[in-house]
Amino acid sequence: YKFLIEGLDEEGRLLPDHSRLADEKFVRQRGQLVKVAGARDSYLLLHTHRKPHPRQVEELVRVFAHAVETFDEIDVAALYETLLNYDLMPSLELLMEQLSRYPLDPARVFTLAAQLALHAADRQALKFALIVLSFYQLPEVRALALLFSQHDEFTYYALLCLENFQDRFQSDCWMLAQCVHGWGRIHTIRALIPTLHERDRDLLDWLVREGFHNTVADGYLAAMVVEHGHLLQRLSAKTIDNGFLHASGIIIAALLDPSSPGPDMSQVKDSLKLVKEYLRHLSMNKQTHMHQPTLIRLKEILSDADEGGGDGLIRNLQRKGWGQDRELKRQLALVLGDEDLFKNSLDG
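Just so it is clear: in the sequence shown, position 238 is 238 by our numbering, and no numbers are missing.
Just so you know, these hints were derived from the structure itself, not from any lab.
No residue lacks a Cβ here, since even glycine has one placed at the ideal position from N, Cα and C.
Be aware that one or more of the hints could be misleading.
[What the hints assert, rightly or not] Distance windows between CB atoms, simulated:
(1) N316 with Q178: 45 to 55 angstroms
(2) S171 with S259: 32 to 42 angstroms
(3) D202 with R101: 35 to 45 angstroms
(4) L272 with P293: 11 to 21 angstroms
(5) K269 with E327: 51 to 61 angstroms
Sequences are here, hints too, so could you generate the full structure?
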């Protein structure tokens, strides 16, 4: 808490040089995942079939309950020691269920969790504190969550607390999404999207222009933004500005990446039409140099599709008719100024 408080600027936002937590050298080494804030928990959440550990959960809840009942220094220390080497994410749902059912004095539970949040010097203890505090709809909890959520290591857990304040959740998420740029951005946008409605025009516009971008991989959010940000509908407009066109190119590039960690272009509805609309706008734009990586990837996809090769994504797009689509080839050829591709589009 002290470390993060000292890292806030005048506007209450966490400074970039406070991304590396002071406890890093004490964390049990788990490869590079521990060096990227939020990476280990996020990988367990999004890329593994999490198997809860009932016995570990029972033991943790028992040790926590005993510390709540006694407030004894030795018992609290035993809880703290248990938390240091405990992966919370695989058993998170089971842990929350067990905590909600355990007969404990809510005031004493809150007191201990708040003390952990304010004084814990280790990330695992703080995460546990946020999990416990997520059962309380109190202004103090929201204030703590808004602070801790600004660090990618704690964003997901802080969101558990912020979800209790439904009337402020969307605005909190929008504010938070502009403060975090790594795994925290991914978790925040995933939490924000279900709250969106057509009337949230400013937010939807920000989502497709900036909200999808993060320092981990744009592919985590690209498909969600296409769907919920109504990207095809927006690209279907007669004209769009360069900023929006550039953002669209980045989103499309992420969806065409065969190593994308999220759904790729073959899983996007009306994907072929989406790309054609994008190329239509590019054909009327003189600043196509910013779009070269996306255009080169499109040409590679069409070339490999014609030859019957390529990666799994290309084969999936081939089955959807990309390789045989003359209009797609023609539009791409015109944007690239590629005579051979243009002739190929005429030959079918």
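Taking the hints in turn, this is what the structure says about them:
Hint check: N316 to Q178, Cβ distance near 35 angstroms, so the stated range 45 to 55 angstroms is violated. Checked against the given bound of 32 to 42 angstroms, the beta carbons of S171 and S259, roughly 35 angstroms apart, stay inside it. Distance hint check for D202 and R101: the Cβ-Cβ separation is about 42 angstroms, which falls inside the suggested range of 35 to 45 angstroms. For the hinted restraint 11 to 21 angstroms between L272 and P293, the CB-CB distance of approximately 20 angstroms keeps it satisfied.
Between K269 and E327 the Cβ separation comes to about 19 angstroms, which falls outside the hinted range of 51 to 61 angstroms.
In this structure, the earlier hints numbered 1 and 5 are contradicted, and the remaining ones agree with it.
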